[in-house]
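Participant: Sequence:
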Amino acid sequence: MKTPFHVWIVGIIALIWNAGGAYDYVMTQTENEAYLAMLSDAQKAFLDNGPIWFETAWAIGVWFSMLGALLLLLRSRLAGPAFGLSLVGLIVSSVYSFGIADRTGMDMTPTQLGFTAAIYVVLVLLWVYARAMTRRGVLR
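Per our numbering, the sequence shown starts with residue 5, numbered consecutively.
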């Protein structure tokens, strides 16, 4: 089956979108001083005090989404499961971020809330899209 053009468009956009999350993760985990300088003390404390299960879930969310984008471009049926695992990582890390962690001094602006919502929406759409492309036989 010939690959529909939209697969390439979605795959490239997904790769660029996820590269932003991967960059954030790497800069934070490597404690890049210039990158962390833009964070408040409360945000830095939040990152420094996160439990290992939060760090693990965050890594799963970031790297499986990146993998999903690459697998989509490779036309692999494993793109859907990769995006699904990323969604699980996002949900688990959000349990800590928005339900357990001390967020004192970390009020979110409407823009930040909107971006957080966009992360969920984009990831769910990528998961649904990859599953649909697998059912149609585009991803093998």
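Hints listed in this document are in silico derivations from the structure and should not be mistaken for laboratory results.
You may find that some hints are simply not true.
[As the list claims (entries may be wrong)] Okay, the calculated beta carbon distance ranges per label pair:
{"no.": "1", "residue 1": "Ile20", "residue 2": "Tyr124", "range": "14 to 24 Å"}
{"no.": "2", "residue 1": "Leu74", "residue 2": "Met5", "range": "17 to 27 Å"}
{"no.": "3", "residue 1": "Ala122", "residue 2": "Ile13", "range": "32 to 42 Å"}
{"no.": "4", "residue 1": "Phe9", "residue 2": "Gly103", "range": "13 to 23 Å"}
{"no.": "5", "residue 1": "Gly118", "residue 2": "Gln33", "range": "24 to 34 Å"}
{"no.": "6", "residue 1": "Lys6", "residue 2": "Leu74", "range": "33 to 43 Å"}
{"no.": "7", "residue 1": "Trp12", "residue 2": "Ala46", "range": "15 to 25 Å"}
{"no.": "8", "residue 1": "Leu51", "residue 2": "Arg81", "range": "28 to 38 Å"}
Note that the coordinates shown come from a computational prediction; the quantities given were computed from them, not determined experimentally.
C-beta: ideal position from N, C-alpha, C; glycine also.
Participant: Decide, hint by hint, whether the structure agrees.
Facilitator: Results for each hint:
| no. | hint | verdict |
| --- | --- | --- |
| 1 | Ile20 to Tyr124: 14 to 24 Å | holds (18 Å) |
| 2 | Leu74 to Met5: 17 to 27 Å | holds (20 Å) |
| 3 | Ala122 to Ile13: 32 to 42 Å | violated (18 Å) |
| 4 | Phe9 to Gly103: 13 to 23 Å | violated (41 Å) |
| 5 | Gly118 to Gln33: 24 to 34 Å | holds (25 Å) |
| 6 | Lys6 to Leu74: 33 to 43 Å | violated (21 Å) |
| 7 | Trp12 to Ala46: 15 to 25 Å | violated (41 Å) |
| 8 | Leu51 to Arg81: 28 to 38 Å | holds (35 Å) |
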